[in-house]
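**Q** Chain residues, written in single-letter form:
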Amino acid sequence: MPELRKDPIIGRWIIISTERGKRPTDFIVERSESRGGFCPLCPGNENTTPSEVLSYSSTDGHQTNKPGWELRVVPNKYPALIIEGNLNKEGDGIYDRMNGIGAHEVIIESPDHNESFTNLPPERMIKVFQAYRDRLQDLAQDPRFQYVMVFKNFGAAAGASLEHSHSQLIALPILPRMINSELEGSLSYYKYKERCIFCDIIRQEIHQNLRLIAENDLFIAIVPYAPRSPFEMWILPKRHASSYISMDNDHLKALSVIFSECMRRLNNCIPNVPYNFVLHGAPLRSQPLDHYHWHFEIMPKLTTIAGFEWGSGFYINPISPEEAAKFLKEAAI
Amino acid sequence: MKKILLVDDEDSIHLLYREELEDKGYEVHSALSGEEALIQMKIIVPDLIILDINMPGINGIDVLRQIKEINPSLPVILSSAYQDFKQDLATWASDEYIVKSSNLDELKAAVKKHLS
Chain F
1 MPELRKDPII
11 GRWIIISTER
21 GKRPTDFIVE
31 RSESRGGFCP
41 LCPGNENTTP
51 SEVLSYSSTD
61 GHQTNKPGWE
71 LRVVPNKYPA
81 LIIEGNLNKE
91 GDGIYDRMNG
101 IGAHEVIIES
111 PDHNESFTNL
121 PPERMIKVFQ
131 AYRDRLQDLA
141 QDPRFQYVMV
151 FKNFGAAAGA
161 SLEHSHSQLI
171 ALPILPRMIN
181 SELEGSLSYY
191 KYKERCIFCD
201 IIRQEIHQNL
211 RLIAENDLFI
221 AIVPYAPRSP
231 FEMWILPKRH
241 ASSYISMDND
251 HLKALSVIFS
261 ECMRRLNNCI
271 PNVPYNFVLH
281 GAPLRSQPLD
291 HYHWHFEIMP
301 KLTTIAGFEW
311 GSGFYINPIS
321 PEEAAKFLKE
331 AAI
Chain U
334 MKKILLVDDE
344 DSIHLLYREE
354 LEDKGYEVHS
364 ALSGEEALIQ
374 MKIIVPDLII
384 LDINMPGING
394 IDVLRQIKEI
404 NPSLPVILSS
414 AYQDFKQDLA
424 TWASDEYIVK
434 SSNLDELKAA
444 VKKHLS
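Which chain is which? The protein sequence lines are F and U, in order. Numbering-wise, the numbering used here puts 182 at position 182 of the first sequence, and it's gapless, one number per residue. Numbering-wise, the numbering used here puts 444 at position 111 of the second sequence, and it's gapless, one number per residue.
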């Protein structure tokens, strides 16, 4: 029988249609063909991108905007929001609007055009997470911004247009509704129980071991209780922290190890599956929050968002999180 | 005289752009598809290409990647009726991205910038 499940943080309902009994091999993933041709993200083509705002290199004396980098962060050449200008908020009757101020940056994760994020070894993946932290710290200095959304699209079905491995961030002058919902939901739980709901989830998932995928000293990876997508995974730090910005190097290292493991498990369940991942953390201007807990959400793109989902806010998931966790745990790495 | 290759599947765009650009002293050549553009660029050897995105056959972004693979320093101005294609990072290979408008001032300024 199908089952309705409620996300304990934001109260979103999802439908698990378990009788469909999907296995990883039942999901058909269309292989993205390489488009070939010139790649603006490749080394040697630095003049086709805006000037970098951050780069890492193991070469002494590496020159800015020249080959030799291991990771590069550049402003988006054709950004969704514009960095220059002052915020101008205004009302239009009952409506609110403001000018499109923000920062839109692209994190080029590897100099190798054909190297996927999933195949980055942890000692290289750590640079990606370090770059997220470094850019968040820098953008937090800008008083116009309330939030920085870090995200990755992989595969054409998940919105990636270029095969060269990259992720993006958008600094916003407002708080996204999804983050607001998590903040409100976790605060409501905290007021009632005086505990962080994410910390409680971590404790329960370790104890029950039904949806746990991987664990190390500092992080756990789970399939959430009410996942929107088949094989959705969350990665959370075990120690309570509301913001990613203050993460130390030990945490970066442990995060890379568990993230790499999860991506390889997912890829072995469903090779080349398109996915999105997002980083959720506390707003830039907030003090450390006892009720909120930063985390990554990884959502494979295996189902279609259609009329019912748009209309209801529900998601239909054809595989239970317990089954998905079992497949992920059994997958070879 | 500087040569411009104009690539667009709409005849009306060719009529409009050609008149304005020839008035500015440029030699304008036309291609009605991406496939034709890739052949024409080898024959004409243009100094600049104005390239539509949404075309039948090879779309403008894939044409752009092939053009830049052949000649990375050849200026290419993407000209589209839509902003949406800006989300495709492959458009970064272009030198400008201009949204089509009946006012060609922005296009003419971009052409001048890359041909001066």
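Treat the hints with care, as some may be off.
[What the hints assert, rightly or not] With a Cα cut of at most 25 angstroms, we get these calculated DSS-like pairs of lysine-lysine:
| no. | chain 1 | residue 1 | chain 2 | residue 2 |
| --- | --- | --- | --- | --- |
| 1 | F | K77 | U | K441 |
| 2 | F | K253 | F | K6 |
| 3 | U | K445 | F | K301 |
| 4 | F | K238 | F | K193 |
| 5 | U | K433 | U | K335 |
| 6 | U | K441 | U | K419 |
| 7 | U | K419 | F | K77 |
| 8 | U | K357 | U | K419 |
| 9 | U | K446 | U | K336 |
| 10 | F | K77 | U | K446 |
| 11 | U | K336 | U | K445 |
| 12 | U | K445 | U | K433 |
| 13 | F | K22 | F | K238 |
| 14 | U | K433 | U | K419 |
| 15 | U | K335 | U | K441 |
| 16 | F | K191 | F | K127 |
| 17 | F | K301 | U | K336 |
| 18 | U | K375 | F | K77 |
Calculated directly from the structure, the hints in this document are not laboratory data. Predicted, not measured: the structure shown is a model, and the values here were computed from it.
**Q** U/K335 and U/K441: Cα distance at most 25 angstroms?
**A** 14 angstroms, holds
**Q** Run the distance test for U/K357 versus U/K419: straight-line Cα separation, threshold 25 angstroms.
**A** 28 angstroms, violated
**Q** Next pair to validate is F/K301 with U/K336; report whether the Cα-Cα distance is within 25 angstroms.
**A** The given pair, whose Cα atoms are some 46 angstroms apart, is violated under the 25 angstroms limit.
**Q** Taking only the CA atoms, is the gap from F/K22 to F/K238 under or equal to 25 angstroms?
**A** Answer violated: F/K22 to F/K238 is near 31 angstroms, above 25 angstroms.
**Q** Within 25 angstroms, alpha carbon to alpha carbon, are F/K191 and F/K127?
**A** 37 angstroms, violated
**Q** Please verify whether U/K419 and F/K77 have alpha carbons no more than 25 angstroms apart.
**A** 9 angstroms, holds
**Q** For the pair we were handed, U/K433 and U/K335, check the Cα-Cα distance against 25 angstroms.
**A** 22 angstroms, holds
**Q** Against the 25 angstroms threshold, does the CA-CA distance of F/K238 and F/K193 hold or violate the hint?
**A** This hinted pair holds, its Cα atoms lying about 19 angstroms apart.
**Q** Between the alpha carbons of U/K375 and F/K77, is the straight-line distance 25 angstroms or under?
**A** Violated. U/K375 to F/K77 sits at ~28 angstroms, over the 25 angstroms cutoff.
**Q** Between the alpha carbons of U/K433 and U/K419, is the straight-line distance 25 angstroms or under?
**A** 13 angstroms, holds
**Q** Take the C-alpha atoms of U/K336 and U/K445, compute the straight-line distance between them, and say whether it is at most 25 angstroms.
**A** 12 angstroms, holds
**Q** F/K77 and U/K441: Cα distance at most 25 angstroms?
**A** Given that 25 angstroms is the threshold and the Cα spacing comes to 21 angstroms, the pair holds.
The structure fails hints 2, 3, 8, 13, 16, 17 and 18 (numbered hints given earlier, in ascending order).
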